[in-house]
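Student: Listed in order, the protein sequences are those of chains A and B. Reading the first sequence from the start, the letters are residues 1174 to 1366 in the numbering used here. Reading the second sequence from the start, the letters are residues 1174 to 1366 in the numbering used here.
I should point out that these hints are in silico values taken from the structure, not numbers from a laboratory. Treat the numbers as computed from the prediction; the structure is a model and nothing was measured. A hint or two may mislead.
Any copy, or any two copies together, can satisfy a pair, since identical chains are not distinguished.
[Unchecked claim] Below, in silico cross-link-like pairs of lysine to aspartate or glutamate (EDC-like), each with a Cα-Cα straight-line distance of 20 Å or less:
| hint | residue 1 | residue 2 |
| --- | --- | --- |
| 1 | K1189 | D1337 |
| 2 | K1189 | D1319 |
| 3 | K1189 | D1249 |
| 4 | K1189 | E1252 |
2 protein chains.
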Amino acid sequence: LPVVFLALTHHPVYNKNREVIASALTTVDLHDLARVAATYGLDGFYVVQPLDDQRRLAADMIAHWQSGPGGAYNRDRAEAMALARLTASLAEAKDDIARRCGRPPLAVATTAISRPGAISYSAVRQTWTDGRPVLIVFGTAWGLADQAMAECDACLAPIVGPGDYNHLSVRSAAGIIIDRLLGRSDDDANQGR
Amino acid sequence: LPVVFLALTHHPVYNKNREVIASALTTVDLHDLARVAATYGLDGFYVVQPLDDQRRLAADMIAHWQSGPGGAYNRDRAEAMALARLTASLAEAKDDIARRCGRPPLAVATTAISRPGAISYSAVRQTWTDGRPVLIVFGTAWGLADQAMAECDACLAPIVGPGDYNHLSVRSAAGIIIDRLLGRSDDDANQGR
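Use the sequences and the hints to build the structure in full.
Tutor: Shown next as structure tokens:
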């Protein structure tokens, strides 16, 4: 089985005016990405947040849903939240994967904007054949800043529709991208893919 | 081009204890599904909400983002929200599509649970060849109740991962399902699909 991790990055990302910021926690993002990770059998979900108070808030929230009253109320959320790990930086997430897997991951950035050299979904799947772990990196706010891109080994081609509109939420985009990489629809089965 | 609509249904849906309820509005659901609809060039997005006060709240929210201060602040949200229409029932949404398109849609339910007779993504795509509009119906809370299923013409096969976990948010699931139906990845292009 491929070894795949998700990262939800709160810094360095852009705001609306393309300034580099650390974004605030959005609780529904943590739930939704943890649920994507659990559905597709991923190996972990990193919440990358450099702000100490925001990281403490994330830790409280994860504990609430994993072992606190939230977990007792809704076991499905507890199961998903068990995949979450907090780090202060993307580098720390990559180091953690290297420790867990014995080798560093291929870090793959995601973007809503076409970039030269972006790689295909099948190219990412090919890295699995040699057993290297893969970390798919998502940005919050207006997306990963260039310095986050520079910390990744590759950038995945954006999701494009028939028009110019390219403003999916990270909640929807993460589902789509992980499904394209790992999902198997009945149609695929019919086509023997 | 295929004529496709989304519906986000707040009644009849199940709660945690499998009782039929009308669920409350979740503003992030409206944003995320509107953004999925805008990205994939859909023809409209119905918010099905039978509770008058909740429908008024939805109307206020849509107006805020479409023509109010929200729309001035973020034009991308205005563009997506322009696709939203409020109805009190699924039947009303189907009637509206019949009026707009000159024929009733094929209403396709979605579910997280395997059901006998569920149809494939390619089967839905085949209905497009004869020009019939398609309405993809999503449930809030714990999913569409049986009586909502009965109002649909077909039910789409669920998204399944390698394990048993099947608790995606409607925000992620809507992205995945619309992408499977309408998305074209670089890989597909390479494969000439």
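Student: All hints, please: hold or fail.
Tutor: Hints versus structure:
no.	hint	verdict
1	K1189 - D1337	within (18 Å within a copy, 39 Å between copies)
2	K1189 - D1319	within (15 Å within a copy, 43 Å between copies)
3	K1189 - D1249	between (34 Å within a copy, 11 Å between copies)
4	K1189 - E1252	between (34 Å within a copy, 16 Å between copies)
Hint check: no violations occur; every hint is consistent with the structure.
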